[in-house]
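Engineer: For reference, the chains in residue letters:
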Amino acid sequence: MNAEKLTRILLVDDQRDIRSIVGLALGKIGGFQVKVCESGEEALASAGDFAPDLLLLDLSMPVLDGVGTLKALRARGLTAPAVFFTARLNAKDAEGYRDLGVLGVIPKPFDPLKLGSQLREMWSKR
Amino acid sequence: MSDSLLHVRLVAGTLAALSPMLLVLARLRRRERGALDEASRARDRLHDALEGSQLAVFDWDTAGGNSIHLSPTWRVMLGYDPAETRCTAQELFSLVHPEDIQRVRDAAVDTLKGLTARYDNIHRVRRADNTYMWIHSRGKVTARDARGWALRFAGTNADITPRVVAEERLKEREMQLRQLIDTMPASIVVFGGDERVLFHNRAYLELTGLSAEAVNGRRMKEVVGEAMYAAIEPHVRAALDGRTARFEQQVMDPMGRTVDLEVVYMPLRDAHGRVTAAITVRFDITRLKDLDRMKDGFVAVASHELRTPLTSMRGSLGLLQGGVAGELSDEAQGLVSIAMQNCERLVRLVNDLLDLEKITAGHGAFRIALLEWPAVLRQAIDSSRGFVDSYGVTFELEEPADLRVRGDEDRLIQVLSNLLFNAAKFSPRGSVVTVGSRQLADSWVRTSVRDRGPGIPEHFRSRIFQRFAQADMGEDRRNEGSGLGLAISREIVERLGGRIGFDAAPGGGTEFWFDLPGTTEKVAA
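Residue numbers (my numbering), protein chains in the order written: chain S, 1 to 126; chain A, 1 to 525.
Take the hints with a grain of salt, since some may be wrong.
Stated by the list, open to error - Partial chain S-side listing against chain A, Cβ under 8 Å, derived: (1) LYS5; (2) LEU6; (3) ARG8; (4) GLN15; (5) ASP17; (6) ARG19; (7) ILE21; (8) LEU24; (9) ALA25; (10) GLY31; (11) GLU41; (12) SER60; (13) LEU64; (14) ALA87; (15) ILE106; (16) PRO109.
What the hints assert, rightly or not - If you only want the chain S side, here are some residues facing chain A, beta carbon under 8 Å, derived: (17) ILE18; (18) LYS28; (19) ILE29; (20) LYS71; (21) VAL105; (22) LYS108; (23) ASP111; (24) PRO112.
These are calculated hints, taken from the structure and not from any lab test.
Keep in mind it's a predicted model, so treat the numbers as computed, not measured.
Ideal placement from N, C-alpha and C gives every residue a C-beta, glycine not left out.
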């Protein structure tokens with residue numbers, strides 16, 4: 001929460017398609033620095049070095065899901081705010097995750113061209 | 001004096017002398033005749049009474065050679081011509097049904113010996129046509145000698161066949177009912193005003209794991225235990241107060257399994273309508289609930305699994321359109337845009353279908369709150385602006401009255417969005433869609449969305465709220481909605497206890513409306 005501007009985003013999603021789409025949308029179009037991880041475990045291993053301004057986590061992942069990953073990251077002292085991604089029905093409410101520093105939930109499918117501005121807006125209200 | 005005169009005198013003298021005696025004799029004779037008449041009348045009366053009451057009298061001269069005198073009604077009862085009958089005890093006993101004879105003999109002997117004061121026995125005797133009838137035979141020893149031996153044994157026999165048959169039929173019916181109630185897949189317990197158990201079925205014992213002794217005649221508190229009683233007491237009281245309660249409950253059965261129950265508490269009334277007892281019926285709905293849970297799981301998985309590939313398609317197309325892979329030719333742009341629109345339509349369809357499924361199945365609990373209605377209307381209009389801009393219509397909110405509605409805010413905004421979307425879709429460009437709300441009679445609140453479109457074709461009106469019903473609206477607009485918007489809206493409004501409909505608006509266009517129960521309560525700050 002020390003950054004003045006949102007630049008570094010850590011994306012965790014187990015699906016390759018989504019990783020490439022979001023990587024392109026945020027990197028090539030959005031102009032963010034994006035670190036892409038395919039599992040919670042990988043995020044735990046690389047989050048410290050990357051020092052993200054924002055975490056973008058898929059809620060449903062095998063082994064370590066979005067909430068589990070975020071808890072583990074918090075336990076390691078990572079304070080960057082988070083946004084969840086989900087394809088679940090009616091999981092648009094971030095209320096339940098407020099204590100974990102979650103800014104919002106973005107439902108899938110999403111518009112990749114608007115994703116960057118969506119995240120910036122959430123980040124500005126953190 | 002001639003002989004004849006003398007004879008006359010003699011006779012007269014004798015007569016004169018005898019006359020007081022003759023008078024006495026005549027009087028005696030009259031009295032005797034009167035007594036005889038009286039006896040005969042009494043006898044007639046007795047006969048009539050016996051015939052009327054269908055009683056046969058028996059009089060057993062136990063001292064005088066076992067001869068039994070029977071009244072004429074006895075022969076009538078058995079199907080013979082009426083006549084006084086005399087028979088022996090052996091003859092009479094031979095008419096008794098073989099299964100009853102031992103009992104009859106024993107009872108008779110006991111009475112004769114004086115072991116029992118009265119003879120009182122129900123048994124069968126053979127009629128003239130060889131069928132059996134049931135008689136109620138009552139009697140006693142009416143005279144004994146100095147040694148206490150019976151001299152006379154008298155009494156009555158009554159034909160009670162109709163009563164016995166009726167009782168047997170009743171018993172049979174009761175048994176059938178009992179078996180029916182015991183095989184019913186519902187647990188039943190009936191308790192009286194003092195909360196003591198009057199009746200229960202086998203399923204109740206199976207569900208609770210209790211024995212019949214632990215239930216019969218005991219107070220509900222004792223039967224279910226203090227803790228459980230605390231939970232059911234309000235229902236027990238309410239039922240005895242004449243009110244019915246129906247709810248779902250989860251309990252542990254004696255085997256430790258979780259059982260889902262639908263429970264009904266109901267008052268039982270007597271012929272005068274007074275509540276004299278109450279009944280509790282519990283239906284095991286575990287299997288239904290399991291199916292429901294399975295379906296919920298399926299809906300959740302289907303939702304996720306369908307949306308995941310759609311996300312990739314939608315994302316890739318969006319990036320292509322955004323020029324990530326280089327500038328697209330007009331033709332390519334057009335094709336990508338078709339793919340995109342259909343992708344979005346598929347997403348809407350999936351969302352709406354799952355949504356409708358959830359609402360109709362009664363899942364997805366509604367969050368009921370007291371709503372400042374004008375604020376909700378404004379919010380719905382604001383959030384609908386984005387998707388209707390392309391239709392070139394404007395929304396106008398008539399100054400709404402200060403109304404409050406009890407409902408689920410998100411779901412009602414969903415209804416309003418559906419109506420606004422439809423109104424925008426069917427309106428000519430540049431026209432105005434008017435939103436209004438007002439108080440109806442009985443404190444209902446009517447909310448209306450009025451468009452300036454062509455109106456709803458006659459043939460489509462009856463189907464408009466059905467799933468996938470779409471009006472023929474021209475090639476370019478047909479595929480925009482999922483065809484589920486109004487079906488979902490109706491489900492939501494009806495679940496909130498309201499109603500939805502539409503009217504042709506005066507001056508053209510259509511007015512869709514929904515009414516909700518209003519309230520005068522203040523919204524909590």
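Engineer: It remains to establish, for every hint, whether it holds in the given structure.
Structural biologist: Each hint tested on the structure:
1. For S:LYS5, the interface hint is violated, the least distance from its beta-carbon to any beta-carbon of chain A being 22 Å, above 8 Å.
2. Hint status for S:LEU6: violated, given a least beta-carbon distance of 20 Å to chain A, over 8 Å.
3. Of the supplied interface hints, the one on S:ARG8 is violated, with its beta-carbon coming no nearer than about 21 Å to a beta-carbon of chain A, more than 8 Å.
4. Hint on S:GLN15 holds. Least Cβ distance to chain A is approximately 7 Å, under the 8 Å limit.
5. This hint holds: S:ASP17 has a C-beta 4 Å from the nearest C-beta of chain A, less than the 8 Å allowed.
6. For the restraint placing S:ARG19 at the interface with chain A, the shortest Cβ-Cβ distance is roughly 10 Å, beyond the 8 Å limit, so the hint is violated.
7. Interface restraint check: S:ILE21 against chain A, minimum CB-CB distance 4 Å, threshold 8 Å, status holds.
8. Below 8 Å, beta-carbon pairs count as interface contacts, and S:LEU24 has one with chain A at about 5 Å; its hint therefore holds.
9. Nearest Cβ of chain A to the Cβ of S:ALA25: about 6 Å, under the 8 Å cut. The hint holds.
10. Nearest Cβ of chain A to the Cβ of S:GLY31: about 13 Å, over the 8 Å cut. The hint is violated.
11. Evaluation of the S:GLU41 hint against chain A yields a violated restraint, the C-beta minimum of about 21 Å exceeding 8 Å.
12. Satisfaction of the interface hint for S:SER60 is found here, the shortest Cβ-Cβ separation to chain A being roughly 6 Å, below the 8 Å cut-off.
13. For the restraint placing S:LEU64 at the interface with chain A, the shortest Cβ-Cβ distance is roughly 17 Å, beyond the 8 Å limit, so the hint is violated.
14. Against a cut-off of 8 Å between C-beta atoms, the interface hint on S:ALA87 holds, since the closest Cβ of chain A lies about 4 Å away.
15. The beta carbon of S:ILE106 is not positioned within 8 Å of any beta carbon in chain A (closest approach about 11 Å), and the interface hint is therefore violated.
16. The restraint placing S:PRO109 at the interface with chain A holds, with a minimum CB-CB distance near 4 Å, inside the 8 Å limit.
17. The criterion of a C-beta within 8 Å of any C-beta in chain A is met by S:ILE18, whose closest approach is roughly 7 Å, and the hint holds.
18. Annotation: S:LYS28 was flagged as interfacial toward chain A, and the flag holds, the nearest CB pair being 6 Å apart, inside 8 Å.
19. Among the interface hints, the one on S:ILE29 holds; its C-beta lies about 6 Å from the nearest C-beta in chain A, closer than the 8 Å criterion.
20. Interface hint at S:LYS71: violated, since its Cβ lies 22 Å from the closest Cβ of chain A, which is beyond the 8 Å cut-off.
21. For S:VAL105, the suggested interface contact is broken, since its CB lies about 14 Å from the closest CB of chain A, more than 8 Å.
22. Nearest Cβ of chain A to the Cβ of S:LYS108: about 4 Å, under the 8 Å cut. The hint holds.
23. For S:ASP111, the interface hint holds, since its Cβ comes within 8 Å of a Cβ in chain A; the closest pair sits about 6 Å apart.
24. For S:PRO112, the interface hint holds, the least distance from its beta-carbon to any beta-carbon of chain A being 4 Å, beneath 8 Å.
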